[in-house]
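Visitor: Mind docking chains B and C on chain A? Use the hints.
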Amino acid sequence: MIVDHPDTAAWVAERFGWQTADPELGPQVPADQLVALATALRDELDFAYVVYCVAVHYPAEDEIQPKFKEGEEPPPVIPAKPDRCLVTYRVRRLGPGTTTFGFHLWVPTGETCPSLVDVWAGMDWQEREQYDLVGVVFDGHPDLRRIMMSEDWPGHPLRRDYAIDTRHHPWR
Amino acid sequence: MAVTPSPTPEPATQRVGGLELPVELLRPAWGDPYLDLDDYDAESDVMALNLGPQHPSTHGVLRVKLFMDGEVCVRAVPYLGYLHRGVEKLCEKLSYANVTPIVDKNDYVSPMMNELAINMTFEKLMGCEPPPRAQVIRTIVAELQRVASHLLWVGTFCLDIGGAIGGGASAFMHTFRERELILEIFEELTGCRFHYNHHTVGGQRHDIPAGWDTLVKQTLDHIERRTFEYEDMLTENPVFKARTIGVGVVDPKLAMACGVSGPVLRASGGDHDLRRDAPYAAYDRVDVDVQVRTEGDIYARYLLRLAELRESIRIVRCLIDDIPEGPICALKAVKLPGAVKPKPGFAYTAIESPRGELGTFVVAGPGKRGKGGPNPYRCKIRPPSYHVLSLLPYIAPGENLSDIIAILGSLDPIMGEADR
Amino acid sequence: MAVDESGRNYTHPVYGYAESLPGADLFLTKADEFLTWGLKNALWVFPMATSCCGIEFMAAACSRFDMDRIGSIARGTPRQCDVMIIAGTITVKMAPRVKKLWDQMPEPKWAIAMGSCAISGDFYRDIYSVVPGVDTFMPVDVYVPGCPPNPDDLLMGMRRLQEKITQVRAGTWVEPELAPDTAGFKRPEIGRLGDPDRDPRTSQDQLDSVLNLGIHGEATRAPQADE
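Chains as they are written, first to last, in the working numbering: chain A, 1 to 172; chain B, 1001 to 1420; chain C, 2001 to 2227.
Chain A with its partners taken away, still in its complex shape (with noise of 0.2 Å):
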């Protein structure tokens, strides 16, 4: 059944419960569901055309006991963050009321992320990308390899720990 619904992220709320904290980033997804909303949004909301699949990576951080003066109770401890990676997806429903939908998930280094390729082909090539550049791991991609880097290329480049001038012998 498509439905041009006009709040998509209410139709998420309403349908698997999850809720959005920021708009532009959308609900956040377990890892296990990713593929069922994917598929709901392409078959009954009409979300047929994909705009990205980003990964941002966030280093590891120690936790952070925020600072507070004597006799004030001390305020909560900020926890220890591991090192993990944001990916965020985007699709749109194109047409005269063309809007986008977006949804993401947080996946820590070491798991892998399922991968949306069976859902819409055109994340093929982004989930490479991320791959080669970040270095999320897409779980079920039928040919997972470099794209932009060669083949033989150590790290992965947009990785905050990664130095921007890395030499590379014998070119650079």
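Heads up, some of the hints might be wrong.
Computed footprint of chain C on chain A; a stretch qualifies when at least three of its residues, placed anywhere within it, have a C-beta under 8 Å from a C-beta of chain C [unchecked claim]:
id, region
1, 101-111
2, 119-128
In silico DSBU-like links for lysine-lysine, alpha-carbon gap of 30 Å or less [what the hints assert, rightly or not]:
id, chain 1, residue 1, chain 2, residue 2
3, B, K1332, A, K81
4, B, K1065, C, K2099
5, A, K81, B, K1093
6, B, K1065, A, K67
7, C, K2099, C, K2164
8, C, K2164, B, K1065
9, B, K1065, A, K69
10, B, K1343, B, K1093
11, B, K1124, A, K81
12, B, K1341, A, K81
13, A, K67, B, K1368
14, B, K1341, A, K67
15, A, K67, B, K1343
16, B, K1065, A, K81
17, B, K1093, A, K69
18, B, K1368, A, K69
19, B, K1371, A, K81
20, B, K1065, B, K1368
Here are the computed distance ranges between Cβ atoms for each label pair [claimed, not checked]:
id, chain 1, residue 1, chain 2, residue 2, range
21, C, L2211, B, D1045, 19 to 29 Å
22, C, M2156, A, D118, 50 to 60 Å
23, B, Q1218, C, P2145, 31 to 41 Å
24, C, L2028, B, G1070, 54 to 64 Å
25, B, D1289, C, R2160, 47 to 57 Å
Derived from the structure by calculation, the hints contain no laboratory data. Positions of the beta carbon are idealized from the N, C-alpha and C atoms, including for glycine.
Guide: Same frame as chain A, but now just chains B and C:
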């Protein structure tokens, strides 16, 4: 007795992804980008032909490994990255105002589009609106850039089809002569023929000099007359038609799934244009007449781009006489380092570039003390050329080699944008 | 006397005999000047057009600026060309291919580095995937600065190349001093060709990387000692 001819029936359409697409272009099966050649039964040996990173057709550095069964391709594997300049990584080191001349070089054929896209995203993060004069100047400059880009496309496409020495070079010389006039207009406005660094966060850097609108109107009159020359050369040319009609038909559903919009989708019946459907800058003041064709082949894309060229000329003429007075930039002192510090957040904006949807997704990091830093945390440019090239493994199988060159030309990829 | 692009004299038994005949000097000098005139006014160009400078190169070849009036035409194969114009950024992935194409050009051959990206890597020079200037792996005769250079400037560069060819073949060419490093200018760490403090293994490693390309090769690094 006069017989009124029965009207040609409208092609049957099916709704896919929000658009009404012509049914005859929707195919159940596309080429297989992961075809296993061991299982493929060839008439003779399958040959791997390397359409290497250096080839005379002017698409920049793209490598396509074509597996050919005789003259027909069975599998195409594009390789990118020969122009990967790490623009996204570089943007993380620069302040917001300094990013503009860097992204100028992405889609190097239409630099104004790249600048517009990224500065619109920065303005969304900052929460500031450019003043009306800047919006109108942005629209005029974007449409002039579209004219220049399509002129270049016509020229280089004819080079691909006709050869660098033969007939292709004629159209190439003609369209570049007109393109030089547009570059002159931009030189009057910004000082550079190319890579203008004209947009900035909050508006424009250069104001319109006196006499610019007369120059623009004269140039556009001249260019419009010349478009009829190109039509004379190409549209009814039997060689051109033989090479382009019925060749390289793109299934619009596949195009949407791959993220392809712009002339490729519109030539296959997809009536989608961000200028009309999600207007930005001053496009809400103009009625953009979106050109759509339903044949989906290369000839349709050629006619569509020529029609879009004329439409852009018409849009500029609508706007050039009524530019509102006022400031051209909403933020003062944009160039000072640390002047632009958006709060932490995410933003995405998209514009309609001559190749499709050009968007930028920017993550504004927390900076020190969580109030926003002077550099973007992650800058992702969503280039239409990258998506258009991902279409190639699906549409190349089954085509002859010479047709693949023509298809690649008609898709109009720009490698600076695809590789960044 | 016949010279190649690095100014070395060609030796040929017939030419050597002809030089020894009485009165031959005047005739041979005039003949040489005639050949030089023919050579420098018919420089066929191999455009290594990777990015934006390629568009300005195309504009230089078109009717307003017209490279054909100085005898130059762009050819698609290196075998037929005299001059390679490197127009655009050369990345680490592309560099072995550029070097291979340069090696495939028959002598005498010259190179023009067009645009800041080819001269020094422009503002991309510190990026992990960009070669900081094309003179780190191939000899460059003329540098045309700009981002991108005006087509007028490119034609001026071709003019300078013609002057250089005339002077080299006449034996009067003086190699100009490379500008001393001004404050803040960062030389490429890999070293330019001809730098005295460049690691001598670099050129050999670059050549190994090119020979390692093969048909399907993706090599960007020279094969390591333990591979």
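Visitor: Quick one, are K67(A) and K1343(B) close enough, alpha carbons at most 30 Å?
Guide: holds, 22 Å
Visitor: Holds or violated: K1065(B) with K2099(C), Cα cutoff 30 Å?
Guide: Distance of about 21 Å is within 30 Å: holds.
Visitor: Please work out if K1341(B) and K81(A) have their alpha carbons no farther apart than 30 Å.
Guide: The given pair, whose Cα atoms are some 25 Å apart, holds under the 30 Å limit.
Visitor: Within a Cα-Cα threshold of 30 Å, do K1065(B) and K67(A) meet the stated pairing?
Guide: Since the Cα atoms of K1065(B) and K67(A) sit roughly 59 Å apart, the hinted pair is violated (cutoff 30 Å).
Visitor: Below or equal to 30 Å on CA atoms is what counts here, so check K81(A) against K1093(B).
Guide: Distance ~24 Å between K81(A) and K1093(B) Cα, so the pair holds.
Visitor: Do the alpha carbons of K2099(C) and K2164(C) lie within 30 Å of each other, as the hint requires?
Guide: holds, 23 Å
Visitor: Hint check: K1343(B) vs K1093(B), CA-CA at most 30 Å. Holds or violated?
Guide: Roughly 17 Å between the alpha carbons, so the hint for K1343(B) and K1093(B) holds.
Visitor: The hint says 19 to 29 Å between L2211(C) and D1045(B); measuring C-beta to C-beta, is that right?
Guide: Between L2211(C) and D1045(B), where Cβ atoms are some 27 Å apart, the hint holds.
Visitor: Count residues of the region 119-128 of chain A with a Cβ under 8 Å from any Cβ of chain C, then say if the count reaches three.
Guide: violated (count 0)
Visitor: Checking C-beta pairs, does the region 101-111 of chain A have three or more residues closer than 8 Å to chain C?
Guide: violated (count 0)
Visitor: K1124(B) and K81(A) were given as a pair; does the straight-line alpha-carbon distance stay at or below 30 Å?
Guide: Given pair K1124(B), K81(A) holds - Cα atoms ~28 Å apart, limit 30 Å.
Visitor: Look at the Cβ atoms of Q1218(B) and P2145(C) and judge whether their distance stays inside 31 to 41 Å.
Guide: For P2145(C) against Q1218(B), whose Cβ atoms are near 33 Å apart, the range 31 to 41 Å holds.
Hint compliance for this structure: hints 1, 2, 3, 6, 8, 9, 16, 17 and 20 are not met, and every other hint is.
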